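Engineer: Chain residues, written in single-letter form:
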Amino acid sequence: MKLLIIFCFLWFAQVFSQPAGSQPAGFFPQAGATENVWVFFTDKENVEFDPFAFFHPKAIERRLRHGQDLFDEIDFPVRADYLQTIAGMVDSLDVVSRWFNAVSVYASPLQLETLERLDFVDRIEYMTLNLLPAAYAEEEPIISKFSTKDMELLLAHTAHLKGRWFHKNGFDGRGIRIAIFDAGFPGVDEHPAFKHILNENRIVATRDFVRNQQGVFHKNSHGASVMSVIGGLIDSVPMGLATGAEFLLARTETWTEFFSEEKNWLAAVEWADQHGADIINSSLGYTRHRYFPEDMDGNSSLVARAAAIAFQKGMLIVNAAGNEGGTESWKIIGTPADAPEVLSVGAVDFPSLLRADYSSRGPTADGRLSPSVSALGTVYAAGKSGFKRIQGTSFASPLLAGFAACLWQMHPDWTNQQVFDAIQQSATLFPYFDYSHGYGIPQADFFFRNKSLEIQPTFEFEITKDTLKVLSRLKTLNETGLDRQDRYLYYQVRDASDLILEYSVLLATETEILKLNLSDFEPGQKILVHLAGYTSAWTFLNQ
Amino acid sequence: MLIRFFVLILMGVLAGLPAKAQEVLVYEDLQGDTLKSEYGMNRKHYRHPFIGFGFFAGDAGGPTGKIKSTNSWTFEYGVRYKRKFNHYLSAGADWSFSRLQYSPSAWEVASLMGDMPLNSEKLVMVQTGLGLYQRFNWQKRRGDFIGRFLDIGVYGNWTFASRHVYAFEQPTGEKVKVKKSGLDYVQPFDYGLLARIGFGNFVLKSSYRFSDHFKSESGLEEFPRFYFGFEMGLHPF
Numbered sequence: 023m024k025l026l027i028i029f030c031f032l033w034f035a036q037v038f039s040q041p042a043g044s045q046p047a048g049f050f051p052q053a054g055a056t057e058n059v060w061v062f063f064t065d066k067e068n069v070e071f072d073p074f075a076f077f078h079p080k081a082i083e084r085r086l087r088h089g090q091d092l093f094d095e096i097d098f099p100v101r102a103d104y105l106q107t108i109a110g111m112v113d114s115l116d117v118v119s120r121w122f123n124a125v126s127v128y129a130s131p132l133q134l135e136t137l138e139r140l141d142f143v144d145r146i147e148y149m150t151l152n153l154l155p156a157a158y159a160e161e162e163p164i165i166s167k168f169s170t171k172d173m174e175l176l177l178a179h180t181a182h183l184k185g186r187w188f189h190k191n192g193f194d195g196r197g198i199r200i201a202i203f204d205a206g207f208p209g210v211d212e213h214p215a216f217k218h219i220l221n222e223n224r225i226v227a228t229r230d231f232v233r234n235q236q237g238v239f240h241k242n243s244h245g246a247s248v249m250s251v252i253g254g255l256i257d258s259v260p261m262g263l264a265t266g267a268e269f270l271l272a273r274t275e276t277w278t279e280f281f282s283e284e285k286n287w288l289a290a291v292e293w294a295d296q297h298g299a300d301i302i303n304s305s306l307g308y309t310r311h312r313y314f315p316e317d318m319d320g321n322s323s324l325v326a327r328a329a330a331i332a333f334q335k336g337m338l339i340v341n342a343a344g345n346e347g348g349t350e351s352w353k354i355i356g357t358p359a360d361a362p363e364v365l366s367v368g369a370v371d372f373p374s375l376l377r378a379d380y381s382s383r384g385p386t387a388d389g390r391l392s393p394s395v396s397a398l399g400t401v402y403a404a405g406k407s408g409f410k411r412i413q414g415t416s417f418a419s420p421l422l423a424g425f426a427a428c429l430w431q432m433h434p435d436w437t438n439q440q441v442f443d444a445i446q447q448s449a450t451l452f453p454y455f456d457y458s459h460g461y462g463i464p465q466a467d468f469f470f471r472n473k474s475l476e477i478q479p480t481f482e483f484e485i486t487k488d489t490l491k492v493l494s495r496l497k498t499l500n501e502t503g504l505d506r507q508d509r510y511l512y513y514q515v516r517d518a519s520d521l522i523l524e525y526s527v528l529l530a531t532e533t534e535i536l537k538l539n540l541s542d543f544e545p546g547q548k549i550l551v552h553l554a555g556y557t558s559a560w561t562f563l564n565q
Numbered sequence: 664m665l666i667r668f669f670v671l672i673l674m675g676v677l678a679g680l681p682a683k684a685q686e687v688l689v690y691e692d693l694q695g696d697t698l699k700s701e702y703g704m705n706r707k708h709y710r711h712p713f714i715g716f717g718f719f720a721g722d723a724g725g726p727t728g729k730i731k732s733t734n735s736w737t738f739e740y741g742v743r744y745k746r747k748f749n750h751y752l753s754a755g756a757d758w759s760f761s762r763l764q765y766s767p768s769a770w771e772v773a774s775l776m777g778d779m780p781l782n783s784e785k786l787v788m789v790q791t792g793l794g795l796y797q798r799f800n801w802q803k804r805r806g807d808f809i810g811r812f813l814d815i816g817v818y819g820n821w822t823f824a825s826r827h828v829y830a831f832e833q834p835t836g837e838k839v840k841v842k843k844s845g846l847d848y849v850q851p852f853d854y855g856l857l858a859r860i861g862f863g864n865f866v867l868k869s870s871y872r873f874s875d876h877f878k879s880e881s882g883l884e885e886f887p888r889f890y891f892g893f894e895m896g897l898h899p900f
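Chain order of the listed sequences is A and B. Count along the first sequence from 1, add 22, and you get the number used in my numbering. Count along the second sequence from 1, add 663, and you get the number used in my numbering.
For the record, the hints were derived by calculation from the structure and aren't laboratory data. Please read all numbers here as calculations on a predicted model, not as lab measurements. Incorrect hints may appear among the rest.
Claimed, not checked - Rough simulated footprint, nothing fancy, chain B against chain A, three-plus residues with beta-carbon under 8 Å:
{"id": "1", "stretch": "370–383"}
{"id": "2", "stretch": "545–555"}
As the list claims (entries may be wrong) - What follows is a set of in silico ranges between Cβ atoms, one per label pair, in the way DEER data are often shown:
{"id": "3", "chain 1": "B", "residue 1": "858", "chain 2": "A", "residue 2": "110", "range": "38 to 44 Å"}
{"id": "4", "chain 1": "A", "residue 1": "110", "chain 2": "B", "residue 2": "864", "range": "39 to 45 Å"}
{"id": "5", "chain 1": "B", "residue 1": "690", "chain 2": "A", "residue 2": "139", "range": "55 to 61 Å"}
{"id": "6", "chain 1": "A", "residue 1": "135", "chain 2": "B", "residue 2": "707", "range": "28 to 34 Å"}
{"id": "7", "chain 1": "B", "residue 1": "858", "chain 2": "A", "residue 2": "348", "range": "34 to 40 Å"}
{"id": "8", "chain 1": "A", "residue 1": "135", "chain 2": "B", "residue 2": "811", "range": "21 to 27 Å"}
Every residue, glycine too, gets a C-beta built ideally from N, C-alpha and C.
So here's chain B without its partners, still in its complex pose (with noise of 0.2 Å):
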């Protein structure tokens, strides 16, 4: 019983190759070939991921909305839609993810904690948004590639996370650090203008925040609102 079993699954295996089994060394299919694309880097539609990293800039709205610019930064990554009008304009669309970290220099926290040293201080926002922009490109000829080009556009954030997060150290030198998370007084979006201007894969960005990051309720003082970035576009050179 068990060898006609055996005999069976053998035979089934074998009538499931191939009649004859050679090796296939090159094989080209040329019937999609022919049509001309409608996607690619300079035609009518492109997407491409991108990832940028910048700081924020400009004048606070008052002394306590100062930050340390160099410890108060943004991370994002997103794709990015590009459709084509002509060989000068496009228009497009980003969705990304971010992340802000701004460090506050004179929060209130800081003079709670009397001697005790206040090791670091962050706020920390998580934010997804999409961005709509109008793009120029200069260059008369050019191929299937990005090129040179500027972007003037508008954006929106919605922010679905956000951290209030500081370290101290205790008079006997134990090292505390406070984290509070879902922050009642962000709030949940901002919008405002950016500007892009791009060399193929490198971008250097710029954008304005028109809305405030805080209700006014709070009492806090607005952080600065310019945002000087670069940005690499993940696509072929």
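For reference, chain A alone in the conformation it holds in the complex (with noise of 0.2 Å):
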């Protein structure tokens, strides 16, 4: 009974003493049990490094489109004797990464405390195996019959993003090279939507940094699915826009909807580096198991970071924005969709082509944009065999990412930067854009369309005593001779720093479209309003 007293003395004296964080990190004791951590290196002196043995082709042209210098530190390898000394006082080596100059090992605490004591080792810093990545999809029972919806729904995987085209002009992202990093490839060497890609043998290496073996060809169908909105083909008709890309596998998750590890995809960006790829999608992304939504600022995990290297190298990292939008708790972008460099995507409805619910919104937890773009979240999709009706943003990428590759085939002489900014201004609702829909869905009519052509005001404002009112200039509102989408008005109303305080997306039945009372604002706030193409602001002053 005394027992009891005492604890129940010290649990309140505890709970209503104490504000959270209060103690040093290190309270608890050291577990005893084997960690998984990243052991970072000081330097890398004296080490021999021949980048045309090491990089493919590709990867050297690549580097010296963007002005790189082929014999960069950070591509150097880990000092050999640096590996070879902790080898033997680890319990393992396991991933090495010369950008971060840095290897994770399995090792005990005490393991540890001799490990950093050691004059060559910078820092050490803990991982956790179990992962949560954004990427999700509802899956439906493989159908063997295409009906209406399915193919109207195929045909939109590249109409929603007029890839004709790129198409009628002969761009399907033909040498260019695509590394997908998922959770497994099963079937993509004999399924028919991926024949024209055997045929010319265009998966020019795989590897799969789960099981450190070169087959991808098993496990989760979640990457065939992707690689199939990339580049698939059903009896001639496209199911993404690169058909003619190059493609690099790489399975970085052990099982795509739950646990992953984010350390292969930090080995995967390296290898897709060194073998030349000029995009990487990744419809992957991390969150809650690791994070707190503060943390998605680009810079906090190593993900993000390696994403910044990746881009710094000439490589164009699409990722999917997450499926978290529909989660209170979380609701944003997870990482590295988080990190500036990296054109994150997120998810619309079809047919609507307005953000679909589970798509994570922006912004980011230091104030950017984020979603950058946005495509179609539902898909028809290869499977392990046949096709199926899937969702997630992890198929918005992919469609994004050929997208990606048949501009930079239109543009070789680009460098990911413009091609990154392309894409941007591409989009529907550019130079607006919110935190669901980006700059809207990227369109390929853009690059081909006289771009001299002004684009007329569709509405105006027009102030009376106490309010502002939306008049719409477009006479045909009611007319089915406009698409729905060209009847959405975008706004949203901005603090006098240029914050975004809410926005919306309104259906525009009736000339006016939109009436705000004045004295709902203050004054140096602002509202944006964007209608079929046209964009246009007003800022509300002292009344």
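Once you've looked at the hints, go ahead and assemble the two chains, each given alone in its own frame, into the complex.
Structural biologist: Put into structure tokens, the structure is as follows:
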């Protein structure tokens, strides 16, 4: 009984006296179990490196195109003597990262204490093995016959991006190398959707970073579905835009819906660089199992930092925004989609082409725009053997990766930054954006049509005594000649420092689309409106 | 008169409609999004419901305290609150309702039946109670999820309903079920120690009851004091 009273006393004293985080992080004694940690080294002195022997010629070419030094120390291998030394001090070595000059190891707390004392060990970072990729998909049973609805959806994969402009001008991503990081690619080596790729040996390299082996045609079919909407073909109907691209396939995830290995993502990005990847499609994201929303600042996670280096090396990273939009406790994009160098892709529904409920929103934790752009999140994709209707930002991302491949083929002299910017500029809402759709859906016709044609105003502001009205100039709002999407009125309210306070999309059906009371706004606040390609702003002044 | 009344009603309804009825397709208000939340699975405060099920084990207080272990169990449901202090240390409280069922294997009632076979016998207690616990987490990198943990704590329960039920068959073949509620030999309160080890939603629980179930004057021997069970935290994975 005394024991119970003492416990209760201590419990009350603790709960009602301590603020969270008031004790040092190391308060609890270290567990004796083996840890999986990153060990970072101090230097790469006296390391020999021959970029021509190490890199694929395409990687060399990409570096030169982006003005990169071929002898950048970041690419140098980790010192073999360092690895050899610590190999004898830990249970086992795991992934080696050139870019971070680090190795992940399995070691006991005691071994780690010894490691930390080594002169050439800069620091140790802990990791967890079980992480949650934000990419998520609700699968429906594989169907063997195309219904009209499935066919409509299949055609929409490329049509909503106006992809025929690429195809009719001969751009199908040929010569562009796309690396796909995913959970497995079963059936890709025999599925009819990939026959054209296999016939031309355009799967140039594969690597399973989970099993540390070459073969990837096994496990979760998520990767096969993703690949199909980049470059698959069904009876000559393109499932994605880059039907002519080359592929590097990396299995980085153990189970796409629940568990994964962030360190595999890191290893795969270096592998993709070595093998000359131009574009990386990553339909994966890491969220609450390792991070907090406030960590989504593009700098807190190792994968976001790795994505930044990959971008610096000239690769374009296209990443799914994530499927946490409906999760109130998270809601925003995961990492590495939070990195400013990553083209993050949100999902829109079919046929509304408005944000899908599950699609993760922006902004990033440091207030930047995300997702960058949007694409269809519901697709008709390849499964292990047949085809299936499937959804998630996982599939919006590869549609955009295919788009980027065609654009880069069209402008082979462009840098990744130019491709990144051009994709955003081609999108339906640009220069308007919001945190659900980004700049909207990229449109291929933007790169072919006469850009000198000025966009005609589609609405005007009208101020009366105490109201601000947005009046449509479109005469066909209620007529069938206008696409439903052209009747979407996007508007947002920003504060004086340009921070978005709220945003909305309305379906405009009448001339007077929006009516706002001036008294609801403070001086300096601004309203931005977008309708059918035209964007304008109104700033509220002192009344 | 009637027409005028309907016209007025119609005008009133129309006046109540928005001037321009536009369909809102998307709306996001970001004004609260910049605040860092203090509520979450690995934040300062968190609470979640849970359910649990388990069995009693260990030595009884005597030969008549023995129970049929597979037919003696507890089901509980409740709400758990957690207050985080740092990455490794939290404390919290549970408020739960539970139903305890003991199936005594050698109570006197069995011998009273004589030749009449006793089909079943159980003692049911319905309780509500409070548990206080200290939680230790040991995962070094953990985002906003429960993770793996060890809880050590105490509990106290109030038995607000009790019932003794037994069924037997008379020599005529008639089946008889006897129920007796509000048992005056059952202690109204019990308390003990608890320990839990958790892996996200899945929790293994054990407890030890210090107090007696039965008043000393009843002469009844105590049932086993250990409890081993499984709990499910009803929160996101």
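Engineer: All the hints need checking, so say for each whether the structure fits it.
Structural biologist: The hints, checked one at a time:
Residues of the stretch 370–383 of chain A lying with their CB closer than 8 Å to a CB of chain B number 4, which satisfies the three-residue condition for coverage. With 0 residues carrying a beta carbon less than 8 Å from a beta carbon of chain B, the stretch 545–555 of chain A misses the three-residue requirement, and the given coverage is violated. Roughly 39 Å separates the CB atoms of residue 858 of chain B and residue 110 of chain A, a value that falls within the hinted 38 to 44 Å. At about 40 Å, the CB distance of residue 110 of chain A to residue 864 of chain B agrees with the hint of 39 to 45 Å.
Here the CB-CB span from residue 690 of chain B to residue 139 of chain A is close to 56 Å, well matched to the stated 55 to 61 Å. The beta-carbon spacing between residue 135 of chain A and residue 707 of chain B, approximately 31 Å, falls within the hinted interval of 28 to 34 Å. Remark: the range hint 34 to 40 Å for residue 858 of chain B to residue 348 of chain A is upheld by a beta-carbon distance near 36 Å. A C-beta distance of roughly 22 Å is found between residue 135 of chain A and residue 811 of chain B, which places it inside the suggested range of 21 to 27 Å.
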